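Chemist: One letter stands for each residue in the lines below.
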Amino acid sequence: MEFLNFVLIAWTAWLVWRRPDREGRAFGLLIVSCLLMALLFLVGTHTSFVPGINL
Amino acid sequence: MAVSQRRVRDALTWLVIALTAVPVGGAVVLALVHGDTPCILCWAQRTSMALIALVGLFIVRYGPRPRYLGTVVLLATWGVFMGLRHSSLHLARDIGQGFSAPFFGMHTYTWAGLIHWVVLLSIGVLLFLLREDRGESWPKEPGRASRFAMGLFVVVAAANAFQALATTGPPPFMGQADPVRFSLDPRRWVWGNEELAGRLSLRGSWTVPEPDAADLDPDPAHGPLPAPPELPITGWERIGVPLYGALSGLAHDPETDRYLAVTDRYGVYLLDGTLARTLHHVTVDPGFSIDLSPFAGAAFLGDTLAVLSTNKSYALLRADSTADEALEWRHFRETDGAMRELRLGRFATVRARQMYVLSLAFDPSADELITVAVPSPRHRRLVVSRFARGDLMLSSEFEPRLGADLTLGGDDRSLAEYVVVGAVAEDGLLYALSAAYSTLLVIDLGERTVRAAYAVPGLEQPVGLAARGPQLLAAQADGRIAVLERPGAWSPTAKE
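Those protein sequences? They're chains C and G, same order as listed.
Going by our numbering, the first residue of the first sequence is number 1, and it counts up by one from there.
Going by our numbering, the first residue of the second sequence is number 1001, and it counts up by one from there.
Hints listed in this document are in silico derivations from the structure and should not be mistaken for laboratory results.
Quantities reported herein were computed from a predicted structural model and do not represent experimental measurements.
A hint or two may mislead.
[What the hints assert, rightly or not] In silico lysine to any residue, SDA-like type, Cα no more than 20 Å apart, as pairs:
#1 LYS1140(G) to SER1293(G)
#2 LYS1140(G) to VAL1155(G)
#3 LYS1140(G) to PHE27(C)
#4 LYS1140(G) to ARG22(C)
#5 LYS1140(G) to LEU36(C)
#6 LYS1140(G) to ILE53(C)
#7 LYS1140(G) to LEU1129(G)
#8 LYS1140(G) to GLY1124(G)
#9 LYS1140(G) to ALA1221(G)
#10 LYS1140(G) to GLN1005(G)
#11 LYS1140(G) to ALA1158(G)
#12 LYS1140(G) to ARG18(C)
#13 LYS1140(G) to VAL50(C)
#14 LYS1140(G) to GLU1210(G)
#15 LYS1140(G) to VAL43(C)
#16 LYS1140(G) to SER1004(G)
#17 LYS1140(G) to ARG1006(G)
#18 LYS1140(G) to LEU1127(G)
#19 LYS1140(G) to SER1313(G)
#20 LYS1140(G) to LEU42(C)
#21 LYS1140(G) to TRP1014(G)
#22 LYS1140(G) to ASP1010(G)
#23 LYS1140(G) to TYR1062(G)
#24 LYS1140(G) to ARG1065(G)
#25 LYS1140(G) to GLY1063(G)
#26 LYS1140(G) to SER48(C)
#27 LYS1140(G) to VAL1003(G)
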């Protein structure tokens, strides 16, 4: 899944760099990447979402 | 501030280049040179830094639009949380310990948290320098550095995609908690989805309910040790003075024939031998300095009074007719004016970590204080912890084994079903009274075994245990005290 996310990120950067007129699509891909990144972190911490320390 | 928007953009461009090249690109170099492989949480942190750099490119290209600035703030805030969550796995370890290799003296997950914090700081500076013209003065065309930043970013993102393919695999595979060393040899690549295993939890192993001795099965016949011999209650006594709160611990000092009683509302009472007269009393302020949860145990250390909270924090007090009442005001919510606080502290344990306690004993022969941990659904252990009186640090800890004469009632039964609410140490033995199944355990401190167990029918919510010569006194929350004859042949000088 991390591979997929970096492909999305590289694609987004390429649009910004080489196809600046497609700003809306690039921003949409950026948001998808952000959500995927957050989701993967939550998967990795789903057995204890908050830090394992005294609160 | 009179700074041209072109300069602001150029500064932002170089920040993006630095973020892209050092943590995001440098991580790939670390993989190629040192075989460093990120775990699933490291991957998320690295991805977040890449996304922040990407949003920086959006700003460089299209101007500081609110949705871009908002996205960076959201990413950086999430990144600070990720850094805290990830680092919390390792921050409390011993010197030099951590996960994977350190980088300039700090482990990578710590760096990621710091970088996200710096991003938040940078966004504040950027907002401070922006003109209030809705981006109209923002340069329309990217400069040479901006184009370089975009090209560099695409290359670094592609390199990361390759590393991610090698170490985490194509979808639906994902990063691992404990990844293997990076290799360019596909035969060494390990892909999996083990991170999906495990149940959802907000706090994980820290999900430990506070102990509630009132909600336990008192029937000895239901306990893990089948049909223990009965130890009958031979009499009843009662604390004859009004207490502030419910009784939660009791100790007896044979030298002075005084009692120390504590309550769940932080009351500490020094009583005479009749239990009918208060010699001294205070109500400790639990919120001052160290957080004291309700008191659960008491012990005499000579003329020092030790009281213990369920969270293993303690207070050492001493009766002193010369106590400075003005000075002690900060320690006590209520006092008779003749008590001093000597020290507040916290017992640190290893096996009993993340477990509460409901008992405290003092072993004069070893000069140690003793606690017995309360098992919980997350931590099913019966742990005896011993603390040196000198420095109040852990000196030893063990889970008692079953003695040769005892057997459990089934393979699914365990000593960790007992909830010890009171304890007394004498002659190398620890008498531990469990509110669950109303059972008295006799633990040999030398052999670390449960030597004997006795059913004590008739107890109602016991909270403490004290010794008085040949008798054991089981204190209840209602202030009544059940008198038991100590099992086995007892003498004041010889071991049983």
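Chemist: Now look at each hint and say whether the structure bears it out.
Modeler: Now the hints, each set against the structure:
For the proposed pair LYS1140(G) and SER1293(G), the alpha carbon gap of about 62 Å is over 20 Å, so the pair is violated. Of the supplied pair hints, the one linking LYS1140(G) and VAL1155(G) is violated, its CA atoms being roughly 24 Å apart against a limit of 20 Å. Distance hint between LYS1140(G) and PHE27(C) is fulfilled; the C-alpha atoms sit about 18 Å from each other, no more than 20 Å. A distance of roughly 16 Å separates the Cα atoms of LYS1140(G) and ARG22(C); the hinted pair therefore holds under the 20 Å criterion.
Between LYS1140(G) and LEU36(C) the alpha-carbon distance is near 31 Å, which puts this suggested pair outside the 20 Å criterion. Under the criterion of a C-alpha separation no larger than 20 Å, the hint pairing LYS1140(G) with ILE53(C) is inconsistent with the structure, at around 48 Å. A hinted pair counts as satisfied when its Cα atoms are at most 20 Å apart, and LYS1140(G) with LEU1129(G) qualifies at roughly 18 Å. Restraint check for LYS1140(G) and GLY1124(G): not satisfied, since their Cα atoms lie roughly 23 Å apart, outside the 20 Å limit.
Pair hint LYS1140(G) plus ALA1221(G) does not hold up; C-alpha atoms about 83 Å apart against a cutoff of 20 Å. Between LYS1140(G) and GLN1005(G) the alpha-carbon distance is near 11 Å, which keeps this suggested pair within the 20 Å criterion. For the proposed pair LYS1140(G) and ALA1158(G), the alpha carbon gap of about 27 Å is over 20 Å, so the pair is violated. As the CA atoms of LYS1140(G) and ARG18(C) are separated by approximately 15 Å, the hinted pair is consistent with the 20 Å bound.
A C-alpha spacing of about 43 Å is found between LYS1140(G) and VAL50(C), which places the hinted pair above 20 Å, so the restraint is violated. Between LYS1140(G) and GLU1210(G), the direct Cα distance comes to roughly 61 Å. Violation of the 20 Å bound is thereby established for this hinted pair. Between LYS1140(G) and VAL43(C) the CA atoms are separated by roughly 41 Å; this puts the pair beyond 20 Å, and the hint is violated. At most 20 Å may separate the alpha-carbon atoms for a hinted pair to count; LYS1140(G) and SER1004(G) meet this at roughly 14 Å.
At most 20 Å may separate the alpha-carbon atoms for a hinted pair to count; LYS1140(G) and ARG1006(G) meet this at roughly 10 Å. With a C-alpha separation of about 19 Å, the suggested pair LYS1140(G) and LEU1127(G) falls inside the 20 Å cut-off, and the hint holds. Under the criterion of a C-alpha separation no larger than 20 Å, the hint pairing LYS1140(G) with SER1313(G) is inconsistent with the structure, at around 63 Å. Taking the CA atoms of LYS1140(G) and LEU42(C), the gap is near 39 Å; set against the 20 Å cutoff, the hint is violated.
Under the criterion of a C-alpha separation no larger than 20 Å, the hint pairing LYS1140(G) with TRP1014(G) is consistent with the structure, at around 18 Å. About 13 Å separates the Cα atoms of LYS1140(G) and ASP1010(G), which keeps this hinted pair within 20 Å; it holds. For the hint linking LYS1140(G) to TYR1062(G), the alpha-carbon distance of about 8 Å falls within 20 Å, and the restraint holds. Distance check on the hinted pair: LYS1140(G) and ARG1065(G) sit about 13 Å apart at the alpha-carbon level, within 20 Å; holds.
Note on LYS1140(G) and GLY1063(G): the hinted pairing holds, with a Cα-Cα distance of about 8 Å set against a maximum of 20 Å. For the suggested pair LYS1140(G) and SER48(C), the alpha carbons sit about 46 Å apart, so the restraint of at most 20 Å is broken. Between LYS1140(G) and VAL1003(G), the direct Cα distance comes to roughly 17 Å. Compliance with the 20 Å bound is thereby established for this hinted pair.
The structure is inconsistent with the numbered hints 1, 2, 5, 6, 8, 9, 11, 13, 14, 15, 19, 20, 26, although it conforms to all the rest.
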